[in-house]
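Protein chains in written order, with numbering that gives the first Met the number 0: chain B, 0 to 252; chain C, 0 to 127.
Since the hints were derived computationally from the structure, they do not count as laboratory data. One thing to keep in mind: the hints can contain errors.
Said to hold, decoys possible - The calculated DSS-like cross-link candidates involving lysine-lysine, where the alpha carbons are at most 25 angstroms apart (straight line), are:
id	chain 1	residue 1	chain 2	residue 2
1	C	K37	C	K65
2	C	K37	B	K82
3	C	K32	C	K83
4	C	K37	C	K57
5	B	K167	B	K146
6	C	K83	B	K235
7	C	K32	B	K82
8	B	K231	C	K83
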Amino acid sequence: MRASLKVSVFPLVGLLACALILGAQSSKQDAAKVPSAPASPHDLSGVWTMHAPASARGYIGDTFTKDEPAMTPWGEEQYKATKPSNGPRTHTLDTTDDPVLRSCLPPGVPRIYLQPFPLQIVQTPNEVIILYEYDHTVRHIYTDLQKHPDDLTPTYMGHSIGHWEGDKFVVDTTGFNDSTWLDRTGHRHSDQLHVVERFQRTDRDTLQVDISMDDSKALAKPWVSQLAFQLKPDWKIMEQNCADNGSFANFEK
Amino acid sequence: MKTRVLALLAIAVLAVTGTAFAHHGAAAYDMAKAVTVKGVVTDFQFINPHVLITIDVKGDDGSVQKWQGELTSPNHLARAGWTKSTIKVGETITLMGAGAKSGSSTIWIRKIVGANGEPVSLGGGGDN
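Isolated chain B (complex conformation):
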């Protein structure tokens, strides 16, 4: 009796498994035929890579605008003293004082966008997390805080809070130290830096980020820029370590 039961059950299990597999495959094929639905404007998740318009490609890898930002005398003096590797005042790796290239310091915000690697946005109920491929840099943008904590400890990447205004995710970042640069061409900032980013998914494949940098000590007026990113559904964030750059300091002498 037991033996006959085993014999009769196994084919049934097999048939059921086959049906499930075929069903799953069929669903997959059906799903592949259906055009992808437009993304929700409040869904920023995915891997994105910078995609500048042709008009911006001459500078966007290094800085945020074609024209120089309006700097205060202090900001101008600081800028002239820097020795960047990128941009028109280029220095070799053994002579630059770029804090990212010399010491692998975190790039800060918004310079992190100019590090030439993609980013991934992950949304959770309490925060939006940006995973930048460059040197495993992570930003936590808290959506469950109404304001920044008092008496913030200054940090390279600052403290970020975010909220939605219609279809725009507005991120307010403050609490910076003054060790990073605003861009890769040597524009410096003070610990008064205040950055506001407005993320908007203008279509399924495009993420627009409007950036405003305000720093009364370094900038005579806010420095504003607009970046565009392209969705890369097939890309994964990979390993990239700044520490590996050290091996190139002598290579280019």
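Based on these hints, arrange chain C on the given structure of chain B.
Okay, now just chain C, sitting in the frame of chain B:
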């Protein structure tokens, strides 16, 4: 030793490429000094921050000069389909790009042509 420089490319070809350098700037290279060298691969390092290819270039007098070529990051090339085995030791390739200001046998690679005469894709994958 006479280096086998096969051709000089138009300055404009390099000038229009803009900010293609990855983690650092172009200070070590003379973008107007376009160089093409053909040789046998002796080393291929698929490493961060930049991928390196070393080739032996044979001069007209039979002497051999070592050239080292610098590419973009392995992550960018991986997204263009590269792996650590894409370039093989022993194969003959042609490297084209910008020469070093220092005069060393170093080149910032802008184009690679394989032994079959076909260009090897360096990918695009967006601006970064």
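Status of the hints after comparison with the structure:
1. C/K37 / C/K65: Since the Cα atoms of C/K37 and C/K65 sit roughly 11 angstroms apart, the hinted pair holds (cutoff 25 angstroms).
2. C/K37 / B/K82: Distance of about 35 angstroms is beyond 25 angstroms: violated.
3. C/K32 / C/K83: Since the Cα atoms of C/K32 and C/K83 sit roughly 29 angstroms apart, the hinted pair is violated (cutoff 25 angstroms).
4. C/K37 / C/K57: It holds: about 8 angstroms lies between the C-alpha atoms, which stays within 25 angstroms.
5. B/K167 / B/K146: Holds, because 18 angstroms separates the two Cα atoms, which is no more than 25 angstroms.
6. C/K83 / B/K235: holds, 18 angstroms
7. C/K32 / B/K82: holds, 24 angstroms
8. B/K231 / C/K83: holds, 23 angstroms
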